[in-house]
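Visitor: Sequence:
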Amino acid sequence: MSFSSHIEFQVDSSPALPPALLALEGQGAGGGVPREWEARGLGFRRVEEVSVTDCVVAHLEAEEVDAVFGIPGGNIAPFQQALRQHGSIRFVIASHEGGAAFMADGYARATGKLGVCLVTAGPGATNALTGVASAHLDGVPLLAISGQVATDRFGLNAIQESTGTHGVNTVEVFRQASAVSAGVVDAQSFQRLLARVLRVVHGLPGGAAHLSIPSNIARQRIRHATLPTTRGAFRARPPAAAPEDLDETFQLLRAARRPLIVLGSGAREALGTHGEAFTAFVSEQGIPVATSLRGKGLFSEDEPLSLGVLGLAGSRRAEAYVREGVDVLLVLGSRMGEWASRGFNKHLQSIDSVIQVDAQSAHIGQFLPVRLPIVADVGSVVAGLVERGRRGGPPGGERLRERWSRMVELREPVPSPRAPQAEGMVKPQQLMAELNAHLRADMDLYIDMGNCTGWASHLLRLTPPTRIFFPCGLSSMGWSCGAVIGGKLGRPERAAVAITGDGAFLMNGTELLTASRYRVGTVTLVLNDNYLGMVNHGEHAQDTTVPLEDDFYGLGDPDLAAFAESLGARAYTVDGPGQLAALLPEVLRRADELGQPQVIIARVDYREVPPYGDRFAAVASDGR
1 MSFSSHIEFQ VDSSPALPPA LLALEGQGAG GGVPREWEAR GLGFRRVEEV
51 SVTDCVVAHL EAEEVDAVFG IPGGNIAPFQ QALRQHGSIR FVIASHEGGA
101 AFMADGYARA TGKLGVCLVT AGPGATNALT GVASAHLDGV PLLAISGQVA
151 TDRFGLNAIQ ESTGTHGVNT VEVFRQASAV SAGVVDAQSF QRLLARVLRV
201 VHGLPGGAAH LSIPSNIARQ RIRHATLPTT RGAFRARPPA AAPEDLDETF
251 QLLRAARRPL IVLGSGAREA LGTHGEAFTA FVSEQGIPVA TSLRGKGLFS
301 EDEPLSLGVL GLAGSRRAEA YVREGVDVLL VLGSRMGEWA SRGFNKHLQS
351 IDSVIQVDAQ SAHIGQFLPV RLPIVADVGS VVAGLVERGR RGGPPGGERL
401 RERWSRMVEL REPVPSPRAP QAEGMVKPQQ LMAELNAHLR ADMDLYIDMG
451 NCTGWASHLL RLTPPTRIFF PCGLSSMGWS CGAVIGGKLG RPERAAVAIT
501 GDGAFLMNGT ELLTASRYRV GTVTLVLNDN YLGMVNHGEH AQDTTVPLED
551 DFYGLGDPDL AAFAESLGAR AYTVDGPGQL AALLPEVLRR ADELGQPQVI
601 IARVDYREVP PYGDRFAAVA SDGR
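Just so you know, full-length UniProt numbering puts 539 at position 539 of the sequence shown, and the rest follows in order with no gaps.
In case anyone wonders, no lab produced these hints; they're calculated from the structure. Hints may be right or wrong, so weigh each one.
As the list claims (entries may be wrong) - Ranges between beta-carbon positions, derived for each pair: (1) GLU48 / ALA277: 44 to 52 Å; (2) ALA582 / ARG90: 32 to 40 Å; (3) GLN542 / PRO585: 39 to 47 Å; (4) ARG406 / ALA277: 22 to 30 Å; (5) VAL546 / PRO304: 22 to 30 Å; (6) VAL546 / ARG371: 43 to 51 Å.
Ideal placement from N, C-alpha and C gives every residue a C-beta, glycine not left out.
Model the full structure from these sequences, guided by the hints.
Guide: Written out as structure tokens, the structure reads:
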């Protein structure tokens with residue numbers, strides 16, 4: 001199957017320079033003023049004598065980026081000075097470079113725009129590495145810029161030198177954790193390098209990129225530069241699906257006795273555009289729909305045909321449907337990794353007809369043998385199926401009745417607590433039920449890694465436009481503490497709620513200070529069981545002689561409410577049923593009206609086993 005992509009160039013009709021270059025106007029020819037003209041029809045402008053720093057800022061303006069996240073340092077001084085004076089791009093100073101990278105990740109997920117992380121050389125870059133890798137593995141468009149000592153100091157063992165001869169070679173380090181990592185060696189070639197990096201970030205499969213820029217080169221001027229003037233100038237568009245592939249897909253689904261559609265995060269844009277039409281299509285055809293963990297919420301989990309999340313910590317309804325047999329599986333925008341495939345489930349492997357749609361050919365067939373691979377824009381497949389459904393109508397009455405009757409029979413059991421209610425604790429199942437009742441259309445949820453992932457995936461019921469985000473690629477603990485801040489800054493009109501465990505909160509909870517300083521009204525729900533709970537339960541599941549109650553994975557019972565309040569947050573404690581439901585409306589109101597982070601410490605019952613049976617079994621397996 002052929003694959004092609006193209007870069008979209010848009011016409012810009014405005015004669016104005018980007019704000020980053022306005023200060024250079026009117027200085028006279030002798031002052032090195034840029035002489036600019038339109039590259040007509042391309043959405044770019046030609047400019048003379050612009051610094052490397054201002055070239056970067058102009059590209060960010062064209063991308064409509066309004067926040068850059070990082071930690072200041074001497075080797076990125078030119079960028080700090082430019083952003084300090086900028087009217088519309090804020091330099092948000094985090095508590096740690098890892099938190100800054102997570103903020104840039106959350107900003108990109110919430111807005112669909114480029115996330116930008118700016119850190120200094122050496123430890124600044126290495127501290128940001130995990131956050132950059134996390135974004136990259138989830139295909140999030142993120143640009144990390146790290147400083148570097150001036151080129152005339154290379155090889156002198158300068159402070160924080162990060163070259164191939166001295167210190168940690170950060171370009172090589174990031175090469176293993178991003179789509180592209182490059183060191184800038186020349187101002188005149190910089191713009192070509194930056195354009196290539198942005199094409200990679202916005203391309204297929206996309207992800208994160210890293211540039212290491214020496215401080216002296218950041219100040220140098222580019223004699224002739226071509227600057228974008230419109231957002232999306234570097235974005236690659238996947239091809240539309242071929243009509244014959246759409247015809248075959250529709251006929252296979254229509255003829256199937258037990259079809260299934262799985263939506264992954266790669267279907268987010270498609271469902272945002274065609275969500276109502278897709279829902280009408282599957283309802284008319286009687287096709288059940290499941291999602292991957294990262295695709296959760298793209299299809300309303302209140303729809304009768306929704307199976308919820310398929311995969312680790314997924315719904316029992318989805319598990320039962322797959323276990324009973326599927327004859328045609330359509331995968332839209334999911335790689336079907338361990339999270340989505342429920343630990344590479346054998347029942348999925350037995351499906352005869354698998355159709356997998358992805359914009360990136362390398363994502364197809366990684367786990368399942370695929371009968372019909374379609375390398376194309378997922379939106380074109382959804383639109384094509386909707387159109388063919390309108391023309392072809394539903395399957396025969398008997399087949400349609402059979403599909404619907406089984407869905408009616410499949411009921412999602414309400415999980416009951418395994419241990420009796422204890423004084424001073426609340427069941428995680430109860431917490432999720434109370435949160436469910438307060439989910440809003442304008443709410444974004446940022447879910448950390450740990451037991452909280454399983455409880456949220458298994459028990460929350462989402463309906464668009466409520467959104468939920470998980471960092472599944474690297475599965476980084478502490479991600480939500482930064483991501484929720486970046487997301488709220490990018491989409492201030494939406495409520496931003498993080499759900500995290502106490503172990504993850506102790507890793508990056510200091511970013512509450514960032515939210516306080518910049519008046520970012522986030523809400524963080526901490527599941528506090530005083531253990532590294534997922535590991536604690538995982539080892540107990542593998543060997544029941546390992547006790548849950550000892551202190552080996554204990555956290556020392558820190559006062560998390562006092563910790564949060566010391567960083568400028570308003571903290572609350574929940575230790576019984578009904579308390580979260582009573583608190584949430586006021587907490588959400590205060591977050592938005594006061595611009596103050598709000599933290600709810602929920603003392604959860606450590607005895608409750610998270611829904612990770614397949615994961616625990618996989619870790620215990622010797623692979624035979």
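Visitor: Each of the hints needs a verdict: does it hold here or not?
Guide: Hints and how they fare:
1. GLU48 / ALA277: 44 to 52 Å: Given a distance of about 49 Å, which is inside 44 to 52 Å, the answer is holds.
2. ALA582 / ARG90: 32 to 40 Å: 35 Å, holds
3. GLN542 / PRO585: 39 to 47 Å: With Cβ atoms ~42 Å apart, the hint holds.
4. ARG406 / ALA277: 22 to 30 Å: Between ARG406 and ALA277, where Cβ atoms are some 24 Å apart, the hint holds.
5. VAL546 / PRO304: 22 to 30 Å: Given range 22 to 30 Å: violated, Cβ gap about 42 Å.
6. VAL546 / ARG371: 43 to 51 Å: Between VAL546 and ARG371, where Cβ atoms are some 44 Å apart, the hint holds.
Checked against the numbered hints given earlier, this structure breaks only hint 5.
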